[in-house]
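Mind docking chain B on chain A? Use the hints.
What follows is each chain in one-letter form.
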Amino acid sequence: MTEKTLTRMDLSEAVFREVGLSRNESAELVENILTHLSDALVAGEQVKISSFGTFSVRDKAARVGRNPKTGQEVPIKPRRVLTFRPSHLMKDRVAEGNKR
Amino acid sequence: MIRSELIQKLADENPHLYQRDVERIVNTVFEEITDTMARGDRVELRGFGAFSVKKRDARIGRNPRTGESVPVEEKHVPFFKTGKLLRDRLNGK
Numbered sequence: 001m002t003e004k005t006l007t008r009m010d011l012s013e014a015v016f017r018e019v020g021l022s023r024n025e026s027a028e029l030v031e032n033i034l035t036h037l038s039d040a041l042v043a044g045e046q047v048k049i050s051s052f053g054t055f056s057v058r059d060k061a062a063r064v065g066r067n068p069k070t071g072q073e074v075p076i077k078p079r080r081v082l083t084f085r086p087s088h089l090m091k092d093r094v095a096e097g098n099k100r
Numbered sequence: 001m002i003r004s005e006l007i008q009k010l011a012d013e014n015p016h017l018y019q020r021d022v023e024r025i026v027n028t029v030f031e032e033i034t035d036t037m038a039r040g041d042r043v044e045l046r047g048f049g050a051f052s053v054k055k056r057d058a059r060i061g062r063n064p065r066t067g068e069s070v071p072v073e074e075k076h077v078p079f080f081k082t083g084k085l086l087r088d089r090l091n092g093k
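Those protein sequence lines, which keep their order, are chains A and B. Sequential numbering from 1 applies to the first sequence in the numbering used here. Sequential numbering from 1 applies to the second sequence in the numbering used here.
Heads up, a few of these hints could be off.
[Unchecked claim] Just the calculated beta-carbon pair ranges, DEER-fashion:
#	chain 1	residue 1	chain 2	residue 2	range
1	B	K81	A	T2	30 to 36 Å
2	B	R39	A	S51	16 to 22 Å
3	B	K54	A	S51	16 to 22 Å
4	B	V72	A	T54	21 to 27 Å
5	A	R23	B	E31	14 to 20 Å
6	A	R23	B	I60	21 to 27 Å
7	B	Y18	A	N67	34 to 40 Å
8	B	G67	A	E96	41 to 47 Å
9	B	N91	A	P68	19 to 25 Å
10	A	T70	B	Q8	17 to 23 Å
11	A	R66	B	R46	27 to 33 Å
12	A	D59	B	K84	35 to 41 Å
13	A	T35	B	E73	38 to 44 Å
14	A	Q72	B	E31	55 to 61 Å
[To be verified] A few chain A residues that don't get close to chain B, going by computed Cβ distances all over 10 Å:
#	residue
15	A61
16	A62
17	G65
18	T70
19	I76
20	V81
[As the list claims (entries may be wrong)] In silico DSS-like links for lysine-lysine, alpha-carbon gap of 30 Å or less:
#	chain 1	residue 1	chain 2	residue 2
21	B	K81	A	K99
22	B	K93	A	K48
23	A	K99	B	K93
24	A	K69	B	K81
25	A	K91	B	K9
26	B	K54	A	K60
27	A	K91	B	K55
28	B	K54	A	K99
29	B	K75	A	K4
30	B	K55	A	K69
31	A	K77	A	K91
32	B	K81	A	K4
33	B	K81	B	K55
34	B	K81	B	K54
Please keep in mind that the hints were generated in silico from the structure rather than gathered at the bench. Glycine is no exception: its CB is placed at the ideal position from the N, C-alpha and C atoms.
For reference, chain A alone in the conformation it holds in the complex:
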């Protein structure tokens, strides 16, 4: 079985089918959802979507990394990373749907 990749277009198509807005407006709303999610995260907020999952921003301390090829030490600056924790419902549905 080959894995398919969906994009924004497929999401807006689903909104178009489900809600009956125009294709243009559906696409715009999908984009606005992603913008709101991103903006909240960039502001350092946690985003909690019930029965979907939680996006949270974590601060990582500076550390000394190493170039695995040359063995040379390189400083890694402190940075912020995003983690996604899927809800139990999502985990169950993904586990169930991919069972052989």
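For chain B alone, coordinates are given in the frame of chain A:
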């Protein structure tokens, strides 16, 4: 931010839409992502990130209480990788 706050923001920006339609739009988007992963497919949202499914091999686990060995079956788990643009924005670039 929680789901209802996201719906509220969108409803405020789109006064011509019924609140219940905005709810359906938001729910459809998240439903579609979960459904896609449940089929074993991935969703790539450039600039935001990608949702995919990772396979965890079967392994011998241990009951941490009793130390007893228990077989754990192969399973599939949801995975999210942050997109480059969002990663850069989080770090003020």
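Item to complete: Just pull the numbers of the violated hints for me, sorted ascending.
Response: Numbers 1, 6, 7, 8, 10, 12, 14, 20, 23 and 31, in rising order.
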